[in-house]
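S.K.: The chain contents come next:
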Amino acid sequence: MNLLLLAAFWGVLMMFISLSGRSHATIRLIAQVGMGLLFLSTLAEMQGFLIYDLKAAEMFAMDRYGLVMLSVLSGCGFLYFLLSGRDMANVGSDYSEYFSLIFFIFCGFVLVLSFTSLLMLFLGIEIVTIPLYILTGSDKRNLKSNEASLKYFLLGAFSTGLMLMGIALIYGARGTFSTMEVVGASGIPTRLLLGGLFLMFFSLAFKVSAAPFHFWTPDVYDGAPTVFTSFMATLVKVAAFAGFLRLFDHAFGSLKTTWQIWAGAVAVLTLIIGNITAVYQQSVKRLLAYSSIAQAGFMMLGLYGLGDGAREGMVLYAASYSLATIAIFSVLTRMNDYTIEGFNGLAKKDPWIAGILAVCLLSLAGIPLTAGFLAKFYMLQAALSAKYGLVVVVIAVLMAAVSVYYYFRVLQAMYFRAAEEGAQFPAFSTGFKRVLTLIAILILVLGIQPGLLLHYLYF
Amino acid sequence: MPINYYLFLSLALFTIGMVGVLTRRNAIIIFMCIELMLNAVNLLLVAFSKMHHLKNLALNASVGTDGQLFVFFIMVVAAAEVSVGLAIIVMMYRNIHSVDIQFLNRLKH
Amino acid sequence: MIALLLFLVPLIGGLLTFLPNKSGMARSLALGSALLSLAGVIAGLTLFKQPLYWEFDAEWLQTLGSRFSLKGDAMGMLMSLLTSIGVLLAVLGSWNNDVQGSNRFYGLLLWMQAGMMVVFLASDALLFYFGWELALIPAYFLCSIWGGEKRIAVTFKFFIYTFVGSVLMLIGLIYLQSLTPNHSFQMQAFRNLEIPESKQVWLFWLFFLAFAIKVPVFPFHTWQPDTYEQSPTTVTMLLSGVMVKMGLVAMIRWMLPILGIGVFIWSDVVICLSVIGILYASLIAIRQDDLKRLIAYSSIAHMGLTVAALFSLSGFSNNSNVVLQYHQVGFQGILLQLFSHGINILGMWLLADRIERRFGTRKLSELGGLARTAPTFTIFFLLIAFANIALPLTNAFPGEFLQFNALFHAQSPYRFVFLVLAGLGVILSAIYTLNMVRRIFFGETNQATENGLRLSTAECLALSLVVGLILVFGVYPQAVLDFTNDFSREYVKAIDITRFLAK
Amino acid sequence: MFSFPNIAYFIPLLPLLGFLVNGLGRKHLSKGAIAWIGSGVLALAFAASLVVFLNLPSGGPTLLNAFDFIRIGELRIPFAFQLDALSSLFLLIITGIGFLIHVYSSAYMHEESAEHYGRYFAYLNLFIFSMLLLVMGANYVIMFIGWEGVGLCSYLLIGYWFRKPAYTQAANKAFVMNRVGDLAFLIAIFWLIARTGSVNFVDLPAALSSLSSSDITWITMLLFVGATGKSAQIPLYTWLPDAMAGPTPVSALIHAATMVTAGIYMIARSNLLYTAAPLTLNVIAVIGIATALLAASIAIRQNDIKKVLAYSTVSQLGFMFLAIGAGAYGAAVFHVMTHAFFKALLFLGSGSVIHAMSGEQDIRRMGGLKKVLPITYFTFLIGCIAIAGIPPFSGFFSKDAILLSAFLKSPILYGVALFTALLTAFYMFRMFFLTFGGTFRGTDEQKHHLHESPLAMTLPLMVLAVLSVIGGWVGIPELFLHGGERLIEFLSPVIPVVEGHAISHSTEYLLMGLSTGLVLSVIFFAWTRYRQYRSEESSAPFARLLENKWYVDELYQTAIVQPLHRFGGWLRSFFEPKIVDGLIQGVGRSIRYISQQIRLLQSGQTGNYALWMVISIVVILSIQFFVRK
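Heads up: the sequence lines are chains A, B, C and D, in that order. Quick note: the first sequence uses our numbering, first residue 1, plus one each step. Quick note: the second sequence uses our numbering, first residue 1001, plus one each step. Quick note: the third sequence uses our numbering, first residue 2001, plus one each step. Quick note: the fourth sequence uses our numbering, first residue 3001, plus one each step.
With the rest of the complex left out, here is chain A (with noise of 0.2 Å):
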């Protein structure tokens, strides 16, 4: 509980900075410092230090799961800082309220991570949305940015209703919100219970964006500020992700046999759609939209095989996704030009900065020897021994050849093309540069030795 309270304060503590006009850089760095303890507390409290002990058993209770998925991010969150920070700057006038915001939605990511009840899975996933609405929004000027925040904000709040009345129905039928409880010791489920579980599924799959509830990732994602579209694409998901499986495990875990084949199939849906639409696209921001929710397919393989193998994969998952795709976004960000050709011959100008894009965009693409890989070959493994495994796996090995020919269209651009004359490739320092080989070491390391990683969830 550490994190819920750091996270709390510093966030108020970034509003009231931002009042005292301090300058962008001690700004950056207090929010940098805030992140940092953020991570470090996360870590103490797996050693059993706990800064305040809150009783609050019956709604929330954070266990080692929890623990782990948030030190990963946080410890992403940081490393987003350090890379992300800065460009932050160039979305609006607000400085510290952007980052305020994004420690107020790691409060929700507490929550998210360990409600045992009903309310505070709907608490944890509001007080995620909501800022999102205004991050989406940040850039005022920009109409792409308008429109993404009002579609995201209306589609957002329909799927908020919907997890309302599927909460309600559960109510109904069991007379609590205790996610210990709501599936009786029968066992034999009623239409009320089953209603509520369903429209709950449906819009944790909304904000998890997982098909056919997707529809609005691609447009929030293309028209936020690309610093946030980073952050919404890779910690917000896992984090959504994470709650997802949570609920489905401990509450509806008994249920498994009704829910599970549609987890296959959405996941099977999402895995299409997603690698299939990418392959046209020209923008790489947009590629990485879709590219997000083809990965939203394969963690979604996580739940319809769930199970301590998807568990495992889906920490692993949430580390190696979110790794490289805040490295890919940090180094987008800056680029001039956002289309795929904007990468022309990115390898001669800045081998360095390309070789890391390499790893990540590998990894991305499950290729051995990256944490990518690893963290497929967990869900692939888990969807296995499922129902119906064998024919969901085989579509998603042959979807992620798929998505091998997307991402190697980036790579291609940065290595065999020629820059056109005249293009400029932005300069990137060399902290920016560390920051970035850290990345790239992580998961390379995550992919050659992952349990450095995993073992934390068991001692």
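These are calculated hints, taken from the structure and not from any lab test. Keep in mind that a hint or two might mislead.
Unchecked claim - Below, simulated DSSO-like cross-link-like pairs (lysine-lysine); rule was C-alpha separation at most 27 Å, straight line: (1) 348(A) <-> 2150(C); (2) 140(A) <-> 1108(B); (3) 3371(D) <-> 3307(D); (4) 2049(C) <-> 349(A); (5) 2363(C) <-> 3164(D); (6) 2493(C) <-> 2049(C); (7) 433(A) <-> 2022(C); (8) 2150(C) <-> 3578(D); (9) 348(A) <-> 2022(C); (10) 2363(C) <-> 3447(D); (11) 3447(D) <-> 3371(D); (12) 349(A) <-> 256(A); (13) 387(A) <-> 256(A); (14) 3031(D) <-> 3164(D); (15) 3447(D) <-> 3549(D); (16) 348(A) <-> 433(A); (17) 3549(D) <-> 3307(D); (18) 2199(C) <-> 387(A); (19) 348(A) <-> 2157(C); (20) 1108(B) <-> 144(A); (21) 2049(C) <-> 2071(C); (22) 2157(C) <-> 3578(D); (23) 349(A) <-> 2022(C); (24) 2157(C) <-> 2363(C); (25) 3370(D) <-> 3164(D); (26) 3370(D) <-> 3307(D); (27) 3578(D) <-> 3164(D).
Once you have looked at the hints, place chains B, C and D on chain A.
M.R.: Below, chains B, C and D alone, put in the same frame as chain A:
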């Protein structure tokens, strides 16, 4: 009065809201329809909490209160959403002088 | 220990090679690493034969049930020898053509070697898969950066194609692992599996597609001629000399002993495909004007024969030693051919590369009369060409002889048809090879070939090594056969269908 | 070491040595040195063969086991040599004639530059080495190694003047056609291995029992197909006439005396199998006689001196196969020997003529060479008489033996064979008279440096002439000389003598008299016809058919070669890119297309998005609640 009446009523409200979202073009009205959906949920929650309260009154006097508690949270969150949402719509209006969502099609494909 | 060394030397060598920017430096580093690993293999084949030197096992990915375990059986040793020879030849062959960015070039080359070593030595399925991809990625970059003008599209096709195959294989591996009692990826655990026929029927294809694409078996071969044509010859050498063998080694190690029944069910289909491939590729080769494509197709034909022979090994012995004996004969031939064909095709590419660099063309129609202007080169080429058509006293003859023998003993009603059709391949190979020789070396010279070509010391060294190996193993193949004898005897027992059904 | 049997190792090793020295040192050695080395090793080899021949123990063969070529479990293929009557006889023929021809070549090839001179002798030595492997090999695999080796050398030597495209074409043709036969040979070997598990000749008698009659028929058939390739029988004979592209000594050595008889040797080796396969024997007899007749008929209308000899070779080989078909292996081997003598003689003679005519090969432009080339003329005449089969020249005895065996098999065969013999006599003397008789018809500058060849060339001619006269006496039949048929008797350990073809002496006399008389009259006819040259441009369709060799080459071209080429071209330019690769590319293309379409779902309209969501919700819920059980 049997619980089903409440159930059907609120489901009807919910559906009306949903249909509104699908059919209307004015962002404000769509937003109101969403609010309608939320309130349908509120109604349902209250009804259920009452039902559960009466059902197990013997065991525990405070049972079922949590449902009504939830309603307050929903209201709060809804209020927050309203503030943000309206802000966004206003911003929108300031830029394109319209709140018709059909004009929101710069982002597609 | 040797096994681990063979993996680490190129890996670290590659890493080091990346660092310097002076081309000469990288070149020497690469040569050093190549020599070192070759020395390692030779030491392993002579002084440290005992298994304990060739086995290495360490904890790795415990949660996935995979271990980092390398185990060099006779085949593994042979193939690692081939690999290190191949890399050595590749470095020697490219010694004089200065590639820009040679540090990256040689670095990737060595990493490719590391990957192939893992494939040949891994006794853990997941590790094997890692090696499989580790060998592929550098190849992809090498081809797309230093290749010909159509390189990007072509190598991309090659990559996607093989990638699809390998992910399907990955599913197969995961599935098998889920069947093993303690969820292990160890080869032994796989071999002990008792997989019902109904499953083997489709599991077979998950694996076969991956390997068939790599080998390649008709009709999955279309990536190959394009890739060989477009990629730099140094890489093509490794692709066709060594990497192609990965597919066969994988079939030998990860299919026949594990999915014996599935293999038996589909063996006729596979043999039929390979035989078609032989004739198909040979016929195209006859009408081929591009030297590199011609060699590519001829290699498809040769591999087709090997695959056919391999799948004709799967059958019932009913524990009769005679049958096992015949299977062993065939299998020995396959092992021999794996090695010999590697050597020959390496030599072929060296020569083709030399021609292309000297005359700037690969078109047979634009060459001619070299026999007069470049006699030494001609002799090398003739020797290797004759090895290519499996003339007796060249290393290819015993291999193909035993392979045909295997085909003759296939437990298939059509075996005689297969044999005769595959035999036609021998005739066709003579036709296209001699045509190639005739059009390059005989007849009158044109102004391009008027002033011949001179071989550098490095190239002479490389070619002499090749020719030496060709003749030595052509006259005394028993050296290899003795080496693989025990392995093959055990192996044919392991793939015997009778054994599978007994389970 | 230098004593029997180990000395036999030197027989193949010496030529190999010569090959290496001449091949590697061809840039540095002088022509003289090259010639001396090339011929010297042969002389030594011949001496060694003599030693072997003289010390040959009566009865069973002597085996020399060098090392194991292939040994896998039970299957054992040793690199072993077998010395017995048959192989030792062939050793003598090969090394002896080989030596003479090396000597001859040293003069004949003298215009060549030192480097190519060295190449030539290297090839020649390599050929002798492979040929020796072929005859000495103690099992079919070693024999096969030699078998393909000689094919290779013939390829190299036919294409020796590699700058002439036609020549290299001919070389390829020869190699490929041989390959066809070799394939059959290989399959036969596999069959043997499959049934008997051994390929050693010494195991054959034992193996016979374990072979079913159908097995034997198949194996013998396949072996025979192999033989037709090497020994230029129907249908694989067309390469031999083209092979005349090589230097004339090569034609003499490879394409007349030694290599082409490998088929005979192989079948004689496996005579046990063949005796057990009457069907195959019949086929062989028919093929043999057919080839003999066909080739002879073509030879009648050929004007290239070497082509005539080439077709006569094919025809003579046909005779040998006829003998085999008739079960008279001994007679076949006998004819191989005598044929080696007189055919080598004839070829070398023609070489001497060509040498004198400075490269002219067309007999219509020769004539009247009797005076300028006395030695050549005389030796050539002997050769012609020998091949025509006039007693007591060598050809007579061997041919008579064949005719006799044919008569015993069936009178029809005998009739055709006799007719072919007459044709032989006719075309040989036609060529002879056109070449040496009459008046000179060549150009003037050809005329003015007409000259007798040097001693290095004439000496071999004389030696061979002597052999062609007396060579046949080793096989004088019983009825002339008690204790005749020495050769048959000598070969008996390898080729069991079949007793009981007793026919009355009178019949035998009759047959001989008949053939001799007819031959003499044919020669006289030829003399009357060609004593004075007159051009024979007859447009009679049959004559043209003969001139164009029955259009067999054209037939092969249109029926086999061109269709294959066209098919290959179609595969390359259509099937491969459009169908096989097209499918693969199609997958990619269709994915891109689908992607292009699916994008359109992303209409950008918030309403649609919500609609899609609601629709899918309704669908899923209804399936869940109303369809799914």
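S.K.: Now look at each hint and say whether the structure bears it out.
M.R.: To see whether the hints hold, each was checked on the structure:
Between residue 348(A) and residue 2150(C), the direct Cα distance comes to roughly 20 Å. Compliance with the 27 Å bound is thereby established for this hinted pair. Note on residue 140(A) and residue 1108(B): the hinted pairing holds, with a Cα-Cα distance of about 20 Å set against a maximum of 27 Å. A threshold of 27 Å between alpha carbons decides the hint, and for residue 3371(D) with residue 3307(D) the separation of about 24 Å falls inside it, so the pair holds. Note on residue 2049(C) and residue 349(A): the hinted pairing is violated, with a Cα-Cα distance of about 50 Å set against a maximum of 27 Å.
Between residue 2363(C) and residue 3164(D) the CA atoms are separated by roughly 20 Å; this keeps the pair inside 27 Å, and the hint holds. Restraint check for residue 2493(C) and residue 2049(C): satisfied, since their Cα atoms lie roughly 23 Å apart, inside the 27 Å limit. Restraint check for residue 433(A) and residue 2022(C): satisfied, since their Cα atoms lie roughly 25 Å apart, inside the 27 Å limit. For the suggested pair residue 2150(C) and residue 3578(D), the alpha carbons sit about 18 Å apart, so the restraint of at most 27 Å is met.
With a CA separation close to 17 Å, the supplied pair residue 348(A) and residue 2022(C) stays within the 27 Å bound. A distance of roughly 47 Å separates the Cα atoms of residue 2363(C) and residue 3447(D); the hinted pair therefore is violated under the 27 Å criterion. Taking the CA atoms of residue 3447(D) and residue 3371(D), the gap is about 12 Å. The hint holds against a cut of 27 Å. This hinted pair does not check out: residue 349(A) and residue 256(A) have alpha carbons roughly 52 Å apart, beyond 27 Å.
For the suggested pair residue 387(A) and residue 256(A), the alpha carbons sit about 11 Å apart, so the restraint of at most 27 Å is met. With a C-alpha separation of about 24 Å, the suggested pairing of residue 3031(D) with residue 3164(D) holds against the 27 Å cut-off. Only pairs whose Cα atoms come within 27 Å are accepted, and residue 3447(D) paired with residue 3549(D) is rejected, the gap being roughly 31 Å. About 16 Å separates the Cα atoms of residue 348(A) and residue 433(A), which keeps this hinted pair within 27 Å; it holds.
Taking the CA atoms of residue 3549(D) and residue 3307(D), the gap is near 11 Å; set against the 27 Å cutoff, the hint holds. This hinted pair checks out: residue 2199(C) and residue 387(A) have alpha carbons roughly 16 Å apart, not beyond 27 Å. Restraint check for residue 348(A) and residue 2157(C): the C-alpha separation of about 24 Å stays at or below 27 Å, so the hint holds. A distance of roughly 11 Å separates the Cα atoms of residue 1108(B) and residue 144(A); the hinted pair therefore holds under the 27 Å criterion.
Between residue 2049(C) and residue 2071(C) the alpha-carbon distance is near 12 Å, which keeps this suggested pair within the 27 Å criterion. Restraint check for residue 2157(C) and residue 3578(D): the C-alpha separation of about 16 Å stays at or below 27 Å, so the hint holds. For the proposed pair residue 349(A) and residue 2022(C), the alpha carbon gap of about 19 Å is at most 27 Å, so the pair holds. Distance hint between residue 2157(C) and residue 2363(C) is fulfilled; the C-alpha atoms sit about 24 Å from each other, no more than 27 Å.
Distance hint between residue 3370(D) and residue 3164(D) is unfulfilled; the C-alpha atoms sit about 32 Å from each other, more than 27 Å. Straight-line distance between C-alpha atoms of residue 3370(D) and residue 3307(D) comes to about 21 Å, which keeps the hinted pair within the 27 Å bound. About 38 Å separates the Cα atoms of residue 3578(D) and residue 3164(D), which puts this hinted pair outside 27 Å; it is violated.
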